[in-house]
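Undergrad: Chain by chain, the residues:
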Amino acid sequence: MSAGPAARAWPAEGLARVPYWIYQDEDVYRREQERIYRGDTWNFLGLEAELPEKGDFKTTFVGEMPVVVTRDEKGALNCFENRCAHRGALLCLADRGNVREIACVYHNWTYDLRGDLTAVAFRRGVQGKGGMPLDAEPESQAPRKFRVEIFCGLMFATLSGKTPAIERYIGPEVAARIRRVMKEPVKILGGYTQVLQSNWKLYFENVKDTYHASLLHLFFSTFRLNRLEQKGGVVVGGEGGSHASFTMMKSELSGDEYERAGMRSASGGYALQAPQMLESVDEIGDGVTLQILTVFPGFVLQQIMNNLAVRQVLPKGVGRTELVWTCFGYASDDAKMTELRMKQANLVGPAGYISLEDGAATGFVQRGAAGASERSSFVEMGGRTVESNESRVTETSVRGLWQQYRRHMGL
Amino acid sequence: MDVELQLNIENLLSRYVHAIDDDRLEDWPGFFVEKGRYRITTAENFERGLPLSIIYADSRAMLLDRVSALRHANIYEAQRYRHIVSSTLVERMDANTVHAASNFQVVRIMHTGESMLFASGRYLDRVRLGSESGQAMFEERIVVLDSRAIETLLAIPL
Chain A
1 MSAGPAARAW PAEGLARVPY WIYQDEDVYR REQERIYRGD TWNFLGLEAE LPEKGDFKTT
61 FVGEMPVVVT RDEKGALNCF ENRCAHRGAL LCLADRGNVR EIACVYHNWT YDLRGDLTAV
121 AFRRGVQGKG GMPLDAEPES QAPRKFRVEI FCGLMFATLS GKTPAIERYI GPEVAARIRR
181 VMKEPVKILG GYTQVLQSNW KLYFENVKDT YHASLLHLFF STFRLNRLEQ KGGVVVGGEG
241 GSHASFTMMK SELSGDEYER AGMRSASGGY ALQAPQMLES VDEIGDGVTL QILTVFPGFV
301 LQQIMNNLAV RQVLPKGVGR TELVWTCFGY ASDDAKMTEL RMKQANLVGP AGYISLEDGA
361 ATGFVQRGAA GASERSSFVE MGGRTVESNE SRVTETSVRG LWQQYRRHMG L
Chain B
1 MDVELQLNIE NLLSRYVHAI DDDRLEDWPG FFVEKGRYRI TTAENFERGL PLSIIYADSR
61 AMLLDRVSAL RHANIYEAQR YRHIVSSTLV ERMDANTVHA ASNFQVVRIM HTGESMLFAS
121 GRYLDRVRLG SESGQAMFEE RIVVLDSRAI ETLLAIPL
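Those protein sequences? They're chains A and B, same order as listed. Residue numbering for the first sequence follows our numbering, starting at 1 and increasing by one per position. Residue numbering for the second sequence follows our numbering, starting at 1 and increasing by one per position.
In case anyone wonders, no lab produced these hints; they're calculated from the structure. If you're wondering where the values come from, they're calculated on a predicted model, not measured in any experiment. There's no promise every hint is true.
What the hints assert, rightly or not - Derived DEER-like restraints, expressed as beta-carbon distance ranges:
id, chain 1, residue 1, chain 2, residue 2, range
1, B, D23, A, R367, 22 to 28 Å
2, A, R179, B, A95, 53 to 59 Å
3, B, G113, A, G285, 48 to 54 Å
4, B, G134, A, F378, 42 to 48 Å
5, B, I84, A, T118, 48 to 54 Å
Claimed, not checked - Dumping the calculated DSSO-like pairs for lysine-lysine here, alpha-carbon to alpha-carbon at most 30 Å:
id, chain 1, residue 1, chain 2, residue 2
6, A, K54, A, K183
7, B, K35, A, K336
8, A, K231, A, K183
9, B, K35, A, K187
Note that the Cβ used here is the ideal one computed from N, Cα and C, for glycine as well.
Hey, can you work out the whole structure from these sequences and the hints?
TA: What follows is the structure, encoded as structure tokens:
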């Protein structure tokens with residue numbers, strides 16, 4: 001029998017240690033659903049551009065809770081639980097579509113696009129017989145409605161009235177780094193899902209971990225896309241929950257730290273036959289070639305040269321996570337720009353030159369720590385606290401995640 | 001029915017999957033003409049007309065880069081595929097060009113012994129007859145995956 005979260009104590013070293021039970025414990029997982037996903041957090045739902053027309057809807061998840069996102073007759077965005085008030089069946093079965101109202105297939109109870117119950121089939125019976133009592137209040141079990149806020153075309157939802165406004169939640173420095181990517185209307189270029197055999201937090205840590213990028217992803221460092229001596233930095237905001245790491249195009253340093261350190265990723269002499277794929281355009285105009293950004297608990301925004309994408313991190317059990325990728329460009333792109341973005345899409349996703357390892361690496365931790373629930377990982381690169389840093393040889397944003405997480409979880 | 005053409009195309013498809021399943025990845029780009037296109041996408045993206053691919057190459061050079069990255073740069077656990085290809089429909093477009101559509105399933109076998117149905121879908125091919133090497137070669141191969149979900153990673157090409 002596993003000990004409940006109340007019986008678990010965080011290691012005395014604080015943010016510099018992460019106990020392995022946090023990725024393994026069923027009780028922790030259940031408490032996360034309540035305190036994080038249904039608590040005071042903003043959950044990413046997708047891009048506003050996915051729902052351009054009145055009546056458009058999509059289905060997705062907030063934690064494990066299925067939800068419907070709609071654009072109603074007035075053009076406003078809504079999010080509500082994908083659960084009928086009657087017997088709890090899914091209201092929307094399709095991934096996306098356009099509707100005037102939503103009817104549960106089970107007993108044809110109908111809802112408007114804001115998730116309000118509008119009709120109960122045979123509520124007054126048939127020919128004076130049957131039907132519900134006059135004082136019945138089926139609305140009392142209505143699907144829960146979320147607060148929805150849009151920031152730069154990104155849709156977020158929270159069940160809590162206490163969650164601060166989205167921009168304050170993200171923090172000003174990280175919000176500014178969202179703004180630079182979402183600088184104009186976008187168009188969807190496609191998506192896919194990557195299924196990870198690991199706890200969701202291992203993936204979220206991986207995205208925040210700037211230390212691993214040039215060590216695990218050899219493709220990057222070989223082509224000098226993310227050598228640690230290149231200029232860049234890490235910004236941590238939102239009480240630790242949000243972060244942005246970035247790399248500048250031109251390096252003023254000419255270090256050879258990799259070669260001197262004898263790292264595996266320093267293997268030289270590797271050349272591409274078709275390097276045109278890596279010819280990028282400085283379309284934002286600030287020289288930043290790479291930016292990875294997160295917002296707790298499950299949003300990732302990436303700019304990798306001209307490849308732009310959002311990722312939604314969805315927990316699917318203690319040891320399973322789905323990563324929903326959506327790549328996009330700007331509505332103003334011409335065919336040539338779209339082609340460049342599509343070539344650079346080779347860098348990302350489940351077959352990405354610089355990302356395919358991430359899918360496996362989080363699983364290596366899940367498997368490696370299987371017998372060590374009472375031991376901890378060691379997170380002291382760059383110190384033991386949380387702060388923005390000019391160096392990316394740091395785990396500051398990983399510690400930021402745990403600072404935010406522990407506050408929500410009361411751990 | 002042009003039996004000889006059917007067998008010619010099926011032979012190309014068979015040689016292709018044997019090269020991948022036998023871990024002769026270096027032979028893989030040679031099944032494409034120099035300006036050959038290769039793309040793995042999902043049925044969802046394909047049917048919605050969205051351009052995103054999981055892997056995309058518009059030249060043999062880009063396929064060679066994929067192989068050298070898999071051999072020298074990318075890190076992934078030892079694994080093999082077993083392709084099953086069937087139901088190939090062949091349509092001649094002109095003297096040198098053939099369209100073919102086939103079904104496939106790919107079993108992925110990990111070094112741990114774990115086997116899983118990793119992918120299923122369609123190959124949509126444009127094949128050039130009597131090209132550079134004298135053999136049929138792909139001008140375009142679109143791999144349309146039935147599912148939008150990929151388990152862990154997709155390293156070896158399909």
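Undergrad: Checking each numbered hint in turn, tell me which of them this model violates, lowest number first.
TA: Number 4 - this is the single hint that the structure violates.
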